[in-house]
Each structure stands twice: as structure tokens, then as C-alpha cells.
Amino acid sequence: MMDTLFPARPERLCDIRRAVAESASRLGCPQPVVHDVVLAVDEACQNIIRHAYQGCDGDIKVQVSRDDHRLVVRLIDFAPPVDVAKICPRSLDELRPGGLGTHFMRAVMDEVAFLPPPSGAGNMLQMIKRIGEP
Amino acid sequence: MMDTLFPARPERLCDIRRAVAESASRLGCPQPVVHDVVLAVDEACQNIIRHAYQGCDGDIKVQVSRDDHRLVVRLIDFAPPVDVAKICPRSLDELRPGGLGTHFMRAVMDEVAFLPPPSGAGNMLQMIKRIGEP
Amino acid sequence: MNLKTHENNGTVVVSLAGEIDLEHSPSVRKQLMELMFDRRDVLVDMAQVAYIDSSGIASLVEAYQMARKNATRFVLVAVSQPALRVLQLARLDKVFALADTVEAALAG
Amino acid sequence: MNLKTHENNGTVVVSLAGEIDLEHSPSVRKQLMELMFDRRDVLVDMAQVAYIDSSGIASLVEAYQMARKNATRFVLVAVSQPALRVLQLARLDKVFALADTVEAALAG
Ligand SMILES: Nc1ncnc2c1ncn2[C@@H]1O[C@H](COP(=O)(O)OP(=O)(O)O)[C@@H](O)[C@H]1O
Ligand SMILES: Nc1ncnc2c1ncn2[C@@H]1O[C@H](COP(=O)(O)OP(=O)(O)O)[C@@H](O)[C@H]1O
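Protein chains in written order, with my numbering: chain W, 1 to 134; chain C, 1 to 134; chain Y, 1 to 108; chain H, 1 to 108.
Among chain Y residues calculated to face chain C with C-beta under 7 Å, some are: (1) Leu22; (2) Asp53; (3) Val61; (4) Glu62; (5) Leu89; (6) Arg91.
The calculated DSS-like cross-link candidates involving lysine-lysine, where the alpha carbons are at most 30 Å apart (straight line), are: (7) C:Lys129 <-> C:Lys61; (8) Y:Lys94 <-> Y:Lys30; (9) H:Lys69 <-> H:Lys4; (10) W:Lys61 <-> Y:Lys69; (11) Y:Lys94 <-> Y:Lys69; (12) Y:Lys4 <-> Y:Lys94; (13) H:Lys30 <-> W:Lys86; (14) Y:Lys94 <-> C:Lys129; (15) Y:Lys30 <-> C:Lys86; (16) C:Lys86 <-> H:Lys69; (17) Y:Lys4 <-> W:Lys61; (18) C:Lys86 <-> H:Lys30; (19) H:Lys69 <-> C:Lys61; (20) H:Lys94 <-> H:Lys4; (21) H:Lys94 <-> W:Lys129; (22) W:Lys86 <-> H:Lys94; (23) Y:Lys94 <-> C:Lys86; (24) Y:Lys30 <-> W:Lys86; (25) Y:Lys30 <-> Y:Lys69; (26) W:Lys86 <-> Y:Lys69; (27) W:Lys61 <-> Y:Lys30; (28) W:Lys86 <-> C:Lys86; (29) H:Lys4 <-> C:Lys61; (30) H:Lys69 <-> H:Lys94; (31) H:Lys30 <-> C:Lys61; (32) C:Lys129 <-> C:Lys86.
Rather than coming from a laboratory, the hints here were simulated on the basis of the structure.
Glycine included, each C-beta is placed from N, C-alpha and C at the ideal position.
Next comes chain W alone, as it looks inside the complex (with noise of 0.2 Å):
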């Protein structure tokens, strides 16, 4: 079980993968899988950093937990509330700089979805991946 705060800041990524690696390991993720989870929660905070607090000051809760044979990753902001609608990955055959990200939560994990956040906060995304037996 992991729920910690972190400012919501390029320089802090490293800090994320870090400790969403070690936990996700503790709770039993085989290592590709540790990988690639890694990478999903980076391009998430990635997106909060650059698209829900647009260079401002912030943190971004991060939490992991596991529930039965699901790995469950919820990223909470305190920024305003982010049009649902306009989150879509780029299509793969048009080639430009950006547009990868939400791509790359959707291809390694199993669910991504915004759920209600709590109250106060701004947004919650969770993302789920199935992992074997404890």
C-alpha cells in the first residue's frame, strides 16, 4: 500500500517511478509488468504536470494498492476539473512530436478511467493491471 504526496513538478518524476516501482513490486508485480505500470503512472503525472496545473504549483497524491488479482494505481490533483472529452490519444499512423502518453496508459494497463474525485480535490484517475496469484 502506497499513498503519498508529491509536488507536482518535471524534476519529481524520478521520485514517482521510484517509489511506485518499489511498491508495486512489494505488492507483487512481476518485474515487466513493474516496468511498464512505472511508465503508465509517469506519462499520468506527466499529464498533470503539463495539462491540469499548466506549469503551476501543485501535488499529485499518489496511490497504489492491490485488491485480489488487480493492481490498482489512483492519482489524485487538487487543479480544476478537467474536460473528460477532450483526453484522447493521437492515432499511431500520424506522426507528430506529442499525443503518446495517454496512448501508453492505455496499451500497458487494463482500465483507465477518471472517476469522481474526493472532495477538494480536482480529479482522481485510476488505473488498474491484472496480476497473477499473490
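We have chain W; now place chains C, Y and H with the ligands onto it with these hints.
Only chains C, Y and H with the ligands this time, still in chain W's reference frame:
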């Protein structure tokens, strides 16, 4: 004439406003015009911080000069080139928290346009305000 | 930027002062939204606002929308000249409830 | 993150190492783009890349596009396993020119 590089960070906007106000005054702008120009520059710099650099480190070069009866402001960034087609102010009839910055810029300045940036730069926004005789 | 609050007969008076720009508007937003979550009636005293930009206005719009949803009061009071100019540019002077003084807003 | 360059017969070899994430990709992008502006042929040695995310990939795509426009070379060399995984997720392993070794890329 002003030509200064600032870090693209929210907490440096006040320095940019001070410097632009001083420069515009020295170049002969009447005080209410100075206020409007400062607002337009602040909004343009905000957009560079929020949308062009998206929370990553970077610089903004702020140039203020006078060309006859025109105050000319240029903002140069080193971010990836912006898709100008995506920049549109929201309708003022629609009430939502964002989408006012480009509207303010166009409302207070006489011309607002992206020009081809100097080599090595990412984007150059030029804003012009007509002012009286020097 | 400076933000102070005090209570007056169950209404929260938020006094904003200084420059409400991209550096400070997230904290203004946060404090206003907390009051909105608590469903408080709020007056924002803007007499001492020397500067406000679109990010500051966005915080006010968000709080205003929340107040409307909750049917609580959200009134801008004694709006300074520079802030009024920006509200007018956004044509929000016709949208927000405005009052000249805290007393008038409390009475009204 | 660590970026070193050396020249080999007129071609610039950029050696990337470590973690190319949102903190570091702007500087990778800047250095690659400077080489592109100078219309240099560039090999990017990615053997020591322990991690790369979409922001790092975006810098490579931007440089690749610029190289195509200028008809200069832009080749990814000895791509590490974690970086290859991410290129594959983006289906860019079919887009970029890839080479196993710097020698092979220089010969090719
Ligand atoms: N947390 C978020 N808040 C607001 N908008 C977001 C968020 N995440 C993604 N978006 C929107 O979805 C788009 C696609 O995101 P992504 O695939 O990560 O690519 P990129 O961030 O490179 O554009 C973004 O450009 C942005 O408009
Ligand atoms: N410098 C910029 N670079 C990239 N996109 C920009 C830039 N300026 C504005 N935009 C785009 O134009 C939209 C409208 O900008 P604006 O009117 O300032 O409102 P807001 O920034 O609150 O959305 C932004 O949401 C953004 O998508």
C-alpha cells in the same frame, strides 16, 4: 528599447510586468495604455508558460520597441512550434473559468500575430499598439 | 498577493490585495473553493487589488459557478479600478453580483 | 540523464544515457534541434538509456521530422531494451531508422 530574457515561470511574471511597464512608459505610452500592454504581455507569457512549455523549464525573450507611432512587443520562446490553428479565444457568452487570455490580448492590442521565429527559436508572437506622437 | 478572511454574521468576507496573477491565483482558487465546498456565503473585497489577470478571473468564475450550483451567495465588493477594467474586458461585470461596500452587500 | 557528443567522419554521434523524462527531454530536444538547424547527420546512441517516456520520444520525433525535411541522416543506434519497448508501444520502431552499432550505421 527592451530586450531581456526571463525564465518562463509564474513567479517571474511580476518582473516581466515591471520591466515592460517601465519600458513602455519610457517609450512614450500614456499610463492607461501601459496598463493594457502589461496585461497583454502577461497573458501572452502565461500562455507560453502554460501551453508552450507546459511546466517545463524554458525562457521567454521579451522585446519592446517603438516604431514611429507604434509600440511593438515581441515575445520569443524556445518551445516546440505551436499549432496556431488551435489558438482561439472562447466566446464570451459561454461562462467557464478559462479561455480569456487571447481575448484580452486581442481586445487591448491593435495587432496580435505569430510571425516566423528567428532560427533556433520556437515561436514569436508580435503585438502592436498604436500610440500618439512621440 | 495577500488574502485575509473574516466572518460577519455568518458570511465570510475574503479580502484580496495586491497582484492576483498566475503565481498567486492557484492559492486564491484553492481558498475560495474550500469555502464553496463548505457552502459558505462569500463576499470578496477587491478594493486593494492592484492587478488581476485571466488566471485570477478564472478563479472567481469557478467559485461563482460553484456558488450558483449550491445556491449560496458570491458577491464582489468595492472592485478596484484595475480589476474592474479586466472584468469589463471579459464582460463579466454583467455576470457577477457586484456591490460598492461590504455593508451594502451584507444588507442586500 | 547524460548527453555526450563526438564526431566521427562528419557525422555527430549523440550518446544518451540514463533517464530521459519530462525533466530532461527539453534539454535533449534543444541539443538535437541545434544539430538539426546546423543540418548535421546525427546518430543517437541509445545503448545506455535506462528509461524514456513520451516526452523523450517526442524529442526524437521532432528531430527525425526535421532531418527528413533537411534530407540529413537521423539514426537510432543500439537501442536499449527499455527504450525499444517504448518505441514499440508508439509503433515508431517501424518509422525510425535503427542500427545495431555505430559502425554499422556509419557504414550504412
Ligand atoms: N490530466 C489532464 N488534464 C487535462 N488534459 C489532459 C490531461 N491528460 C491529457 N489531457 C489532454 O489530452 C491530450 C492527449 O494527451 P497525451 O496523449 O498524453 O499527449 P500530449 O500530452 O503529448 O498531448 C493532451 O494534449 C491534453 O489536451
Ligand atoms: N502560446 C501558446 N502555445 C500553445 N497553445 C496556446 C498558446 N496560447 C494559447 N494557446 C491555446 O489557445 C487556447 C486559448 O488560450 P487563452 O484564451 O489564453 O485561454 P486559456 O489559456 O485559459 O485556455 C488555450 O487553451 C491553448 O489551447
